[in-house]
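Trainee: Using the hints, position chain G against chain X.
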Amino acid sequence: MKGYLQIHDPLKPKGSVVGIDLGTTNSLVAAVIDGKPTCLPADEGDGKLLPSVVHYAENGSVVVGKYAAQLLPHFPTDTIKSVKRFMGKSLGDLETKKLGAYQFATGKGVVRFQVKGGQPVTPIEVSGEILRQLKRKAESYFAGKVEQAVITVPAYFDDAQRQATRDAGRLAGLEVLRLLNEPTAAALAYGLDKGVQGLYAVYDLGGGTFDISILELVDGVFQVKSVGGDSALGGDDFDRAIVQKVLEARGITEPSHAQVASLLQLACGAKERLTDEDSVSFDFEGAPFVVSRADFNAWIQPLLAKTGQSVRRAIKDAGLTVDQVKGVVLVGGSTRVPAVRAFVAELFGKPALFDIDPDQVVALGAAIQADLLTNESRKDEVLLLDVIPLSLGLETMGGVAEKLIPRNSAIPIAQAQVFTTFQDGQTGMDIHVVQGERELVADNRSLARFRLTGIPPMAAGMGRVQVIFKVDADGILSVAAKEETTGVEQKITVKPSHGLTDEEIEQMLLDSIDHAEDDMQRRMLAEQRVEAERLLMDGAKQLKENGDLLSADERKAFELQLARLTEITKTETNHEVLKAAITEVDELARPFVGRIMDRAIGKAAVGHRMEDF
Amino acid sequence: MTHFELFSLEPSVDLDVAALEAQHRKLAMESHPDRVSGSDPHTRRLAAEKSAALNDAIKVLKDPVRRAFYVLELKGVKLDSDQAAAKVKMPMDFLEEIMEQREALEAVKATRKLESAHAMAVQIRLARDRTLELAQQALRRDEVETASTALGRVRYYTRFLEEVDAFEEELQS
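Protein sequence lines correspond, in order, to chains X and G.
Positions 1360 to 1972 (the working numbering) are the ones given, in order, by the first sequence.
Positions 541 to 713 (the working numbering) are the ones given, in order, by the second sequence.
Wrong hints could be hidden among the right ones.
What the hints assert, rightly or not - Dumping the calculated BS3-like pairs for lysine-lysine here, alpha-carbon to alpha-carbon at most 30 Å: (1) G:Lys618 to X:Lys1738; (2) G:Lys618 to X:Lys1762; (3) G:Lys629 to X:Lys1762; (4) X:Lys1675 to G:Lys629; (5) G:Lys566 to X:Lys1829.
Said to hold, decoys possible - Some residues of chain G that are not near chain X, with every Cβ distance over 10 Å (derived): (6) Ala568; (7) Glu589; (8) Ala592; (9) Lys629; (10) Glu640; (11) Glu673.
Since the hints were made in silico from the structure, they are not lab data.
Idealized CB from N, CA, C, for every residue including glycine.
Here chain X stands alone, though its shape is the one from the complex (with noise of 0.2 Å):
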């Protein structure tokens, strides 16, 4: 194995760190390899995309990736898909049906997902799954323990969701060393590899979110002047236009969970092929829905003007005009949109850059970020200055947002207020924290509510707790308090409005660990089970149509080979003698495969599995 020598570093004792992009729709691990940034295998078959989709079967196996979501069509309510879009929210937030086919566990609080197999699970668990998913891939290169990782965040996501994000790191067992955010990362990867300077904008269309950050890289400094987005506007979107417009075709008012599950895909499919082609056709129910690529433009249209105003706001916050903004950098898998990359060129007025692979941009800066926190050597060499994306406030009479640290501050920054206590003798105080530009508590986003107390009792007026609010160089809250006039420190106890507490997250952690080993050989039979259905489909279709190319006893061999599988992937619960019996079935197969490969195109197949045709 490749990275063997590493783990006998002395320089590394805590094993190698990695970055990670946690997307939407894809996510990757990437690693410093000597001194070169550089994306991991991170899937089955080694692909370094991960697409970002975790089933959880009926045994209470949990399957990642690729093979995930093949089975998503056939187990639309228990395979999770875009989970990013849930961090950090609870029921209430969602316009659910939009998000897909799910069934939730009732209750307050964080989102809970019913699925099959056990208890409800949060998206920070879905998303644990994915990171703990990434740190075995990047163990297994490594051939030693991954424990420390920086993970990429939307910069416009706000408290709730990166307290999500970091609570989903340490549920994988991985230390988070830094959320950084998406377009930083991607500035830093552009930064450093292709020698950027200057004032620049990354603008970043994801599968979920949308996110746009000018920033000034001067002397190894990169700091970001401004942020902006919509942590709720991606890719996804433009499928979501797409499968409107069936539905409206067709006439389907009340459109089945199969419907949206088996629309979104050929949706996203056909999005994918409008980059090359000028109109695609796909086939719904039986009949063909053709898309032209101006057709397409003109539905997603809207969503483009959103980004816009986004971007405008963002450069006006930065205190600047669109023409002093030398460069934009193009990041995200939607950027390869071609209507995409038009509205931005016009919207600065000048071609965007996109010379580093914009799926994996995001990673590679993450990893750079990771090896300057952990290597001594490169600590010098550059530092990154970020801000806050939304406003912090407090709600005061009347449901009023007063702000307390607004938007686009540089971080870390802390901020105190006195609070007077209004009766004699008072002892307790309530606090409420928000998150958003709107006046009115009720437009923002409740973040926490807390409860001072030990106050020791006075007149009215006489207390005054002093409360410093921090926001720490991930962009998370922390909030402590003092008595000014005793100078007793005060208890606080902070409930998260959207999120689980640290007691949640600790069981959770408990459980993991007991089950550590449990889950890897259920995942490693689900895995296999996967791939043996497969490989029964396959068969029994071709039997089907190209069964006359066998002998009668040829046939009744593989036939039987195929019913003795169907049984073993029934009962059998060890993955490596499942395993076996694929590999078997397979081979039988190969001279089968090889006749209708010379049926197909007339030619010798070598190689080949059956899967293939």
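Mentor: For chain G alone, coordinates are given in the frame of chain X:
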């Protein structure tokens, strides 16, 4: 330590912002928590505090309006809250004028006409810049009372401009 002291500067309304930003980058390089990410929690906390102080200082010093308020504060007059500002007596005619303008803005907001609000903002910005200039001159000459009244006006103008910005965002969201 004052914001000026953090940058080893004498308190002044006149600053070379480009030089200030270059120095901020240099200091940030030395004190950001990322520089000590492998150290003990105490060292990391000190770095975070130093960094937060620097970020606070640069925010105030690089903006001419905030800087003027801060210089005045160092001279003993704090205008950063409604309560504090109420202690500075504003001329009656100015208060009447600003009241009228705010009423006009409310009317424009009711009709949701962003252009009209922008046109008003242009006028107010001009008035604010002129008044800031007066305040700066007064601060240079150490005329605290004149500076207080001028900055008291600037405070009203700034509020007005913030309201126009908030209105614009409200319209877009």
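Trainee: If you draw a straight line from the CA of Lys618 (chain G) to the CA of Lys1762 (chain X), is it 30 Å or shorter?
Mentor: 19 Å, holds
Trainee: Mind checking the alpha carbons of Lys629 (chain G) and Lys1762 (chain X) for me, to see if they're no more than 30 Å apart?
Mentor: Since the Cα atoms of Lys629 (chain G) and Lys1762 (chain X) sit roughly 26 Å apart, the hinted pair holds (cutoff 30 Å).
Trainee: Please settle this one: Glu673 (chain G) was flagged as non-interface, so is its CB more than 10 Å from every CB on chain X?
Mentor: For Glu673 (chain G), whose nearest Cβ neighbour in chain X is about 19 Å away, the distance exceeds 10 Å, so it holds.
Trainee: Find the nearest Cβ of chain X to the Cβ of Lys629 (chain G) and say whether that gap is larger than 10 Å.
Mentor: Non-interface label on Lys629 (chain G) holds, nearest chain X Cβ at 25 Å vs cutoff 10 Å.
Trainee: Under the criterion that the straight-line Cα-Cα distance not exceed 30 Å, is the pair Lys1675 (chain X), Lys629 (chain G) satisfied?
Mentor: 34 Å, violated
Trainee: Would you assess whether Ala568 (chain G), listed as outside the interface, keeps its beta-carbon beyond 10 Å of every beta-carbon in chain X?
Mentor: Label violated. Min Cβ-Cβ 6 Å, cutoff 10 Å.
Trainee: Test the statement that Glu640 (chain G) is away from the interface with chain X: the closest C-beta pair must be farther apart than 10 Å.
Mentor: Check passes; 23 Å lies beyond 10 Å.
Trainee: Taking C-beta pairs only, is Ala592 (chain G) more than 10 Å away from all of chain X?
Mentor: 4 Å, violated
Trainee: Does the claim that Glu589 (chain G) lies off the interface hold, with its Cβ farther than 10 Å from every Cβ of chain X?
Mentor: Contrary to the label, Glu589 (chain G) does not stay out of reach of chain X, its closest Cβ about 7 Å off (not over 10 Å).
Trainee: Given the proposed pairing of Lys566 (chain G) with Lys1829 (chain X), does the C-alpha separation stay at or below 30 Å?
Mentor: 23 Å, holds
Trainee: With a cut-off of 30 Å on the C-alpha distance, tell me whether Lys618 (chain G) and Lys1738 (chain X) pass.
Mentor: Violated, at about 41 Å.
The structure fails to meet hints 1, 4, 6, 7 and 8 from the earlier list, while all remaining hints are met.
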